[in-house]
Every structure is written in C-alpha cells, then in structure tokens.
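Enquirer: Residue numbers (our numbering), protein chains in the order written: chain A, 459 to 815; chain B, 459 to 815; chain C, 459 to 815; chain D, 459 to 815.
What the hints contain is simulated information worked out from the structure, not anything from laboratory work. Don't take every hint at face value.
Treat identical chains as interchangeable: a pair holds within one or across any two.
[Stated by the list, open to error] Each computed SDA-like pair below joins lysine to any residue, with the alpha-carbon atoms no more than 25 Å apart:
(1) Lys-512 <-> Leu-711
(2) Lys-507 <-> Arg-815
(3) Lys-558 <-> Arg-815
(4) Lys-505 <-> Ala-627
(5) Lys-507 <-> Pro-520
(6) Lys-558 <-> Gln-715
(7) Lys-558 <-> Asn-732
(8) Lys-558 <-> Gly-744
(9) Lys-558 <-> Gly-491
(10) Lys-558 <-> Pro-493
There are 4 protein chains.
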Amino acid sequence: MSFNTFGRVFRFTTWGESHGPAIGAVVDGCPPGLPLSEADIQPFLDKRKPGTSKFTTQRREPDEVRILSGVFEGRTTGTPISLMIENTDQRSKDYSEVAKAYRPGHADYAYDAKYGFRDYRGGGRSSARETASRVAAGAVARLVIPDVDIFAYVSEIGGDAIDHARFDASEIDNNPFFCPDPEAAKRWEKLVDEARLDGSSLGAVVECVAAGVPAGWGAPLYAKLDSELAAAMMSINAVKGVEIGDGFAAARLRGEQNADPMRPGEDGPQFLANHAGGIAGGISTGQPIKMRVAFKPTSSILIPVETVTREGVASDLVTRGRHDPCVGIRGVPVVEAMMALVLADQKLLDRAQCGER
Amino acid sequence: MSFNTFGRVFRFTTWGESHGPAIGAVVDGCPPGLPLSEADIQPFLDKRKPGTSKFTTQRREPDEVRILSGVFEGRTTGTPISLMIENTDQRSKDYSEVAKAYRPGHADYAYDAKYGFRDYRGGGRSSARETASRVAAGAVARLVIPDVDIFAYVSEIGGDAIDHARFDASEIDNNPFFCPDPEAAKRWEKLVDEARLDGSSLGAVVECVAAGVPAGWGAPLYAKLDSELAAAMMSINAVKGVEIGDGFAAARLRGEQNADPMRPGEDGPQFLANHAGGIAGGISTGQPIKMRVAFKPTSSILIPVETVTREGVASDLVTRGRHDPCVGIRGVPVVEAMMALVLADQKLLDRAQCGER
Amino acid sequence: MSFNTFGRVFRFTTWGESHGPAIGAVVDGCPPGLPLSEADIQPFLDKRKPGTSKFTTQRREPDEVRILSGVFEGRTTGTPISLMIENTDQRSKDYSEVAKAYRPGHADYAYDAKYGFRDYRGGGRSSARETASRVAAGAVARLVIPDVDIFAYVSEIGGDAIDHARFDASEIDNNPFFCPDPEAAKRWEKLVDEARLDGSSLGAVVECVAAGVPAGWGAPLYAKLDSELAAAMMSINAVKGVEIGDGFAAARLRGEQNADPMRPGEDGPQFLANHAGGIAGGISTGQPIKMRVAFKPTSSILIPVETVTREGVASDLVTRGRHDPCVGIRGVPVVEAMMALVLADQKLLDRAQCGER
Amino acid sequence: MSFNTFGRVFRFTTWGESHGPAIGAVVDGCPPGLPLSEADIQPFLDKRKPGTSKFTTQRREPDEVRILSGVFEGRTTGTPISLMIENTDQRSKDYSEVAKAYRPGHADYAYDAKYGFRDYRGGGRSSARETASRVAAGAVARLVIPDVDIFAYVSEIGGDAIDHARFDASEIDNNPFFCPDPEAAKRWEKLVDEARLDGSSLGAVVECVAAGVPAGWGAPLYAKLDSELAAAMMSINAVKGVEIGDGFAAARLRGEQNADPMRPGEDGPQFLANHAGGIAGGISTGQPIKMRVAFKPTSSILIPVETVTREGVASDLVTRGRHDPCVGIRGVPVVEAMMALVLADQKLLDRAQCGER
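Looking at chain A on its own, in the form it has when it is part of the complex:
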C-alpha cells in the first residue's frame, strides 16, 4: 500500500495502474543543471515498448513520456521531475473472468487478501505496465552517472542458456530477445514461439553489468550495495532470484577459488578475477558490477489451471488478454533502469558520506 518510493537521496515514486488514464514517476533529488528533455528518456521507453515483435504482448502503445516539472530552459532545476505516460490501449473487457477468479501464481489472491478488493483490469497496480515508469526514471538516473556504462541481456530462456564463449555485446540489439549469442537467439525464436502458440509462458534469466563504477560506493551494513541492488531487482514483477557475482555458484567453491587475487596496477590494485561481482563488504571495488536476475514465467496463460473464485468455488482459469510469452525479455530495460537508479543514488550518497572522489 505504502512505499511506492525507492531510493535514499536520489528517489523516485511511481504511480498508476495498467488500465487507468496514465502512469508516471516523480524523480526527487536529481542534481541541478543536467540537460534533460523527453528525447533523453524516450529511447529507453521504446526499448521496453510492447508490441514490437510477436514475442512480446500485443498491446500497442506509443508510451510517450511528458516531463511536467523540474526542468527549466532544458536543464534540471534540482526540484522534483514529474514524468507521465498516458495509457492509450486498454481493453478492460478482456478481464471479466479474472475479476471473478484468482490467476494461480499471480498477485490476484494476495492483493484481495490484503486490500479486500483489487483493480483487476490488467492486473491493476501489479501489472508489468508499471515498469515503464521505472524505465523513464532510470533514464534520468543515467544522467547522474555519465561515466557508468550499464547494459543487460537475456542469458537463458526456459532453461536454454547462451554460451558465454560466444558473447557478443553488439548482438544484443540485433534480435528480439536482447540475446548476445546469435545461436541462442535462433533457438529461442522457436522456443518462445512454441510457448506462445501453446498459450504458455517461459521463465528467463537476465544478466546485467555496470562498468565504470569507482571503488567506494555503498554503505555497510544494512544499505550494502548488494542489498540495495537485490531489493531493487526483487521489486520487479516476476523476479524470484538475484545473484551478485558468482552468486549460488560461489557457494560451491573453496576460499582460494573464490578469492579475487590482486596485483599492483597503474591506478591502484588490478584484480585477476571478479567472483565478487564488483562488490566486497557491501562496497564497490572498482570492478564491473555483475548481477543475475531470475524471472519466473508469467502466470497469465491460456492453459487452464485449477483455481478458486472470489466466492470460494472451484474453477479452471484461462487468462485471456494480451500477455508476454516470456516476460523476462522486456525485463532487460527494466533491470538496466533499476541498476541505474541504485547507482545514481549511491553516487550521491557516497558524496554525503565521504565527500567528492
């Protein structure tokens, strides 16, 4: 209910439901003097936009962002930046069945249990549509950390992983899956299409890298950089797992294997490995930040699943409407946005903590 705000000094608040008139974000704490216009934000929204291929939801919306405050003569003023995106393609009629019964695995039942009722149109507030607001806010965050290079990609769909040996960053935008391995991209085309035609859905893993973060960002103990990032990613729809660096694989190593040896370098120590994913003791080490994020398959599927109605009657539910067969794909720009939002906040916090670097 509460707490639709994220961040400590660079903060954003999102609002809006899938089928209301609009959604939006208020970005508070952005430093003054940064050049900002809608054109800085729109490309990121376009990347996330639905309806760009048959592998994403067929809802079609331009997702045009408007800046309503916080910018004067083309520069941020240090006051709140209000961003708004109108909802233009809602078809509420599709959701009549969902109003009555709970989609198994969906937020439906939990929302009803908490609030006593829910806006069932397209999932209301629990819809992945809200992530457009994050992507818009994330575009502003990137302006705060111009030296940090953030990119994410899909590394696994439905259990079929890319071969990291074939990793090619330039391939990521060449296919509808944000896939850096062209062979995997080819296989996924068939895989996702099959799931789509079956009326089913697939899970995915998204990996994200942030290069150019200096050593020293993060604040032990309960605002460790890993904690902030894990919280950020876990707040994304459908995410159920988060790893920093080697993550669960590190739990299978011995100490000497997992150590990231150092040797003297020109600008401080050089690391010979990065098992830690660029964070030690909750503070960035100067190595690239590396994360992995697990997306479950969306629960809105055409295959009937046993459920109950709001009145407690047994029912078999089929979720009509237009849904993503693999919600992890469009999760890529959202993961990038959350990474940018956390790092912008950490940069400003670090200044408060330790002064300019």
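With the hints as your guide, set chains B, C and D onto chain A.
Expert: Below, chains B, C and D without anything else, positioned relative to chain A:
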C-alpha cells in the same frame, strides 16, 4: 558509513567492531507489554556462538547479552531496547599482516577505498561478529510474531547438497552443521574437516522457512516482501545470492508448471504447490515463506593468495587468526534472525496499512 | 532538491512549479476501501483558490483536480493516488525583472546559491502555488480520520488580533479573511486594502484546532506529535513561527499555572485546562490539538527595496506580477491540510505501534 | 514507540530511561577520519550536568561518556559511534506517588494512554535525562561542521527578558543561567530561587545562533532547513514554541519592513538585516541562523495540583523527587546540540544534492 539501521516501523540499529569493547543493537518500535528478559535472547546467541565445535571459529566468547533499556518490570515499554554484548576474546595481535595487505575477496580493499583507512582488527565492522547483534535483535522480533514458526538449516556445503527426501527437521540441532539430512551431515564432517586442515574454506546454502504468516503482509511495489527479505539476507556477511520459492529454478519452468493451483479449502483457498515461496505480487499468500541464501566461502584462509599491500606492493597473503572454515553454518541463526526482523516489521506495517487482521 | 515527500506511512509527494504545465501530488499509503472522487477534493481547493476577492492574488485559475490512479470503482485501492492540477493562467512575462535581481526576503537568492540557477517564473518551485497540491492531498487525508474535526482561521493580521471572547466559528466562512470575529473582519478589510493599495503586504497568524483526536497518537522522541506538526507547518511558504498550545506564553507561566489539572470523568480523565494544546510528552492527550502559525508578509511587493542583481550590481527592486497582499489568508486551508496529513499518518502509525484503539 | 532516530544521512538514535542502568546514543553516518575521543564530548556534557548550582536538579551524576565503537586509533572510521553514559544516582523510591497518579501537564497520562503502562521512575523515557545522549551526539556533530559557530543562551525566564542592548556573549558562561545580560542574571537569581523555594517552576526562552553556515544548505519543500530545525527543537522536553528569525514578530510587520535588503559585497551580496533568521525558501542564505525556543515550566512541582489516579480517583498530586526549577536553563546545551545535529546532517545532504561547495 550511514544506514546501520534496518526496518520501517520495527527498526533496529547495530553498532560495534570485532575488536572494540562491545557490540550491540538498539531495537526501536517494539510494541509495549511483551514479556522480555535476557533469557529470551540468550538461547539464540548460544546457537550462533563461536567455538562450539571444530567446524567454527575457535574464538571463545560467552556472548552474554544485557538489556540496558526499554523493559520495565519484565515487559517491553514501547521505548528503544538497547542490547549490549561485550567482546571478551579479542586477540588483536593476530592481525598485523592484514593491516598491511588486502585479503583478496574480503572487504579490506573496499573499506580502505571508501573511508581512507579501516579498523583492521578482525575485520572491524565488516566482521561476522556483528551478526551477534542481529541475532539478539531477532530474538526480540520473534516476540512480535508469536504465531510464526521460523527455522533455517544448511542444505548444501561446498556443492554437496542434502537429499530433500530425507529432510528431518528434528535432525537440524543434532549435528554441528544445522543439517536436516543425517547422511549429508556425516559427509560434511569429513568435507569441512578437510577444508579446515587445508587452511581453506567452503561455501554453503542456507534455506529458511517461515510458517504461519497470514496472507496480506508486504507492501508493493518497492517494499515488496520479497524485496525486504532479499535486502535483509544480502546484508549478511558473505551472502551473494538469494532466492524466493523456486528462484532460479522457476526461470526454467513453463507457466503451467510454475503456477500454484488452488482449490477451495475451509479457511480460504488451499494451494496445491508453493513455487512462489509464499509470496505473490510482493504480498504473502498464507503459504510458508521459503528462501534460499548462498554464502560464499570466507576469504580469510591460510592458503596464500596473490594480493597487494596498502602501499601497492605485490604480496602473497595468508590470513592467520581464528576463522570459520564454513561461515554459512553459523549463518543459520543469522538468517533466521533476519527473517524474524523483516516479518515483525511487516506485521506492524500491515496493521498501519490495512488495520488488524 | 530532494525530499519533496512528507509522512512516514501515509505519505505524499508533491511536484510542479508555478509556471509549468501542471502541479500535483502522489499520496501513498492511503488505506484501501475509502470512497473517493474528485468531488471530495474540489471544495478544499476552491477554498484556497486565488482570485476570489481583492484580498488575494488576482491570478485566476479553476484549480480543477484530476485523480489519475489509486481509485477503482469509486474506492481507494491501497495503491498510490496521483492527483494533478493544470496550471492555466501563467503570465511569465511579468517576471523578467525578477530573473535578473533577487527579491529581498524571497527564496530567490538562496535557490540560486544552492542550485546555481532557478526557475524564476512566479517563484518556480518556491511559489505558494505548490500548496494547492498539499490541499488536494489533505482532502484525501481527511478521509482517513473521519472522526477528527479540523478547522483553522486567521487570528491576527498586521498585528491586529481578534478578540477570542467574540470567537464564532460560524463566522469563519462569512468573510474573505477566514476570520471568526466579525468586528476584526471589518477592521481587516480596511487594513488589507490599504496595504494592497500601497503595494505592500501584511503578516498574519493562523490558528488551527483538531478536535476528536484520541489519546495516544504520536511517537516519542524524535517523531513527537509536536515535532511532526511543527515540521509540517514550517514547510509552508512564509511560515516563521509555530506554537503548540500556549507556546511562547507558556514560557511566562509558573508550573502550577501551566498545569492542566484533571478530574475523573466518564470516559477517562477530564482536563480542566489545555495549556498543552492537546499534546504531552509528544503524545496526544485526547484534548483538542491547538496550534498557532506565524506567516510573514510576502516579499513580493511593489515598494522598491534595495537589492543586487545576479551579476552583483546594486538595484532597487519592485516585484510586479499578481501577489497576495496577505499570504496568511490563503494559508488557512493549507494549515488545515497539513494538520490532516500529519494526523492521518499518526493514526496509521499508532496502529503499527500499539494495535487498534 | 518507534522513531528514536533523528537525521537523514548523519543520523543518531538514542536509548535509555532515567532510572535504567545507562543511557546512550548511536551516531551513524559520521564521515571517516575525524579525530574523536571522549575528551571532545565531555565538556558539553559537563555544561548540561545536573547539580552544578541550586538552580538545577540536585541529582548528582558525573555523566561520563564512553565511546564503544566507531573510532580506531583516535579517528572516526565511518562506522556507527556508540556512546554510553551510566546512570549512577537514581533514587527510584521517590517516585511511588507518581506511579499511582498522573502529574498534570506531564507525559504520564499520555504514555499510559498509548502504551498501557509506563516506566514511572523519574519519568522513564520522557525524562529530560535523555537529553544527555543528544548532547553527546551533538558534540560529534560539531566535528563535522568545524566552520560553524553555535551558541545559545537564555533570553527570558518567567516572563523577565534580557535587554538585547546589553547582550555580551562573554557573560553567558559567567552565571548559572547561561545569561548574556549580567543585570538580568542578577534578577533571575532571585526569581528562580523564589520559585524553587515555593516548590514551583518557571518557563524560559532560549535563543540560538549558528554563524558560519554557507548559503545553500536545506532542501525544499518538506525538509526545509526551518522544518528540520523546528522538528529538532520541538522534540526537546518541555518545548512548546519555535521561531526562525523574527518569528511571530514578523507576522506584525509589513513587507518592506520585513525584507532583508541586500547590497553588493565582496563575497556575494551583503544583507542589511536578518529578519529571516538566515533562511529563505527553506535554504540558508549565508547569514547567521537565528532561532528562539520556548520552554514551558516543568510540571514536576511541589505545589499540589488536582489530578486523577490510574484507577480514576480524584487526587491532589505533589511531585517529590529532584527537579529543575527552570528546565529551560539546562536546555541551552541541548538546543545547541540539536542545532549542531541538524546542520551536520544538512552539510552532508547538501554535498549529495549539489556536490562540494
């Protein structure tokens, strides 16, 4: 630097270094009228206490907690509860080498990079010793959620996992590994002992279950229950990965496999599976909360690793001192404490959000 | 720059500048199930609306509020409520002179000093126009505390105070000054008109009463109810002083004079006085909350005042544009809104702290 | 209950009751590398210490502070600084009567109403004894703002004010009242002694000045510098009113009288007046910050006042025990501490918001 406080309305702040005179926690927001004495806290500290077997650090401390405020005539008053644990077995002389060079994989370098220097004695603030404060605070949190049953256990050490088919909760306290599978416990004895004799260390996975959480706790979107739990667990020393429910395994499923079907039950819907780990849309569903937490192997090992000194000279570092060969083991009571602390906070928040359940 | 959010569990964030396309508020943490439509908010905005008499700014705007999210089928859903008010009567051309020189006593210089530049059109973010967003948010807050009766009035303008012996609540809405003393209202007509014709401005004192607050709201020590209220009122434009109960007058009393004696009553103790203004030890006592708020005269006047330009050249500034001759008058609905916002938050917090009353 | 923490990035948490074993503070967010030892804190505690003259409580305690964490080799490490002061002179037997009946005007009834019971010994958590923790924390805060000169003094007791024309800062520490006007100090001796002998108490006004604050600190709108300061001061025991600059007197001025004219100066604009008390639009202007704080007379008096017992029976209460005849006097170092704590926080926040000045 900042932000040694966790929680929103039930909050705790910890303080103290490995080799200072004491460590402690201030618990703020505990409801009034709950019976509380040191005897309610001590058993949890004893569970975490070092030196209880050869599989944990040989530092020996009674870890006796004192309540300094917030309790009157045996009951909490609603004012801050100050808990203090004296440090009694510090051997600072062991750390002379660490003062000069950075332990690869440890917080040493990151702390120096951020703060310009560090308390190198036993890791200072980055030491796992701080987790005793959390365990003490967690014992208070449990009083707020008497109907919730929380338990954790080690499910994997060094890549050797338990067989969940042999899971026996009553075995957890029968071995020095908090292992619910007696056969795995036997294997681990050899495994951990070997690592210890090699001067190495092992990673581990801890699983945690909280049963009895009613449907409705959690607050979308940026304080989703999953987010709060992920942040809590990621703030524990050596943790690099977190999963809710099936976590990364869910990313390999199809929608109909990952759905948690429901059928009518006596007290609301009954779930036929729990892939979601008891949380949907960031809100508890009434099913048991299930998490998995990955602990990396500790970086304080006797096997030399390439590193650099503070002056930037190449060096091979061996970390003497008394360390845990598998820090995940003693992580069990810490994971339980963090679970209790998050859930106590969520229970109180839910009251603010939606009134009494 | 940051921190345009107020509240702890019932929180609102405002955004927007005097001369941007719109202003607005996002209310987060509102309990679910409350009936809410624009019609519940509009009357409060109408009360604050400019241009209703010659004693307020001649800017004319309908100040129509739109609810963009958080309401479904006429009831709050527990998700963020986005409120927007379009700016329709901006005349930016009036502000050319202000762009160059600093209005003495205004935020101009401080904003420039902090941010390096500012949106000078109508004061930008520092304009009292922002308070319309608070009034809208306050109308939502009132729904959370239906049993609390809040009203404010002007008790003093330019040093001319009402006679409390003639206090008549029913008079408050009968004159353009929100004045409960009809004789004072008559005097003020002349007083304010003179100031207006002189191109000057007048300070004022607003008093606010909240009846029906039960004993027990508030949270010692740093979120005492008095602290929260003082912070809330001091955040209003032009406010420079705040008193709870007798305030500064209490500093001139002896202990036995300032005590609020009690005698047994039917529903708990009855108080024989209310010097404390309904708050003791930071917690409400069940008596009416009473506050006094001092508004300085606005610094936007037609009488020339010595100042400097941004380039550091001496100048005599006259502030053209349309301004309130006594900004305290329109402060009345704003003070009421802030009172409602704090009390709604405290009611929900108290539930978290101590359960339902 | 909750919220015993103050501050945003430089934060402190206090704990402890009047008659528990100890009281203390945890300071979080202090920058690393600042020289700090007990000797930096003790002088401020000595200034606040009870029992130094007959005009303060006769409780006698050394109030010796211990630093338990956050300092290594004489410098702050950037980790939490735990400060503890033992309670050594508690006489709980004095409070038997208070346990049964409510002191009119005291927090007794409100605490009972909220929490269901209370630690009645010496007021428990509501005792002014807690302010020793703030004074200790404030001493740390001063290290963060070495260029800011903070001093407070009593300007009025029981309605008898100093003559500002006779203001002499060097006199402040020459009398037991922190009075800058030697003639007023003489009069107060008689005034306070009479009240003391009558078993009564007196209110007071404390004024505080902070010189050396650069232009630019503060964060509109809901964390305006005035708001933060008002909240800080209102959280002090017995405070019922707060003014910034001219405060309520400004409400009696016209715009041209209240303006602070500027003329060109060597280092930016020079102000010809300071009605605003150094803050405009919520941001510091570079002029001295000026505040006035009203302390009510303490409600713990020997003169019987009508009250009720916890059981609801009418009673006449006399508060035995050792109390301050004028609690505002010892409020001076507390007001200074809160000023330092707010300004340290604002300095660090401003860095986050706008970078180094």
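Enquirer: So, for every hint listed, does it hold in this structure?
Expert: Taking the hints in turn, this is what the structure says about them:
no.	hint	verdict
1	Lys-512 <-> Leu-711	between (41 Å within a copy, 20 Å between copies)
2	Lys-507 <-> Arg-815	neither (37 Å within a copy, 40 Å between copies)
3	Lys-558 <-> Arg-815	between (56 Å within a copy, 23 Å between copies)
4	Lys-505 <-> Ala-627	within (16 Å within a copy, 48 Å between copies)
5	Lys-507 <-> Pro-520	within (7 Å within a copy, 36 Å between copies)
6	Lys-558 <-> Gln-715	between (54 Å within a copy, 23 Å between copies)
7	Lys-558 <-> Asn-732	between (50 Å within a copy, 22 Å between copies)
8	Lys-558 <-> Gly-744	between (52 Å within a copy, 20 Å between copies)
9	Lys-558 <-> Gly-491	between (50 Å within a copy, 18 Å between copies)
10	Lys-558 <-> Pro-493	between (48 Å within a copy, 22 Å between copies)
Consistency note: the structure conflicts with earlier hint 2 alone.
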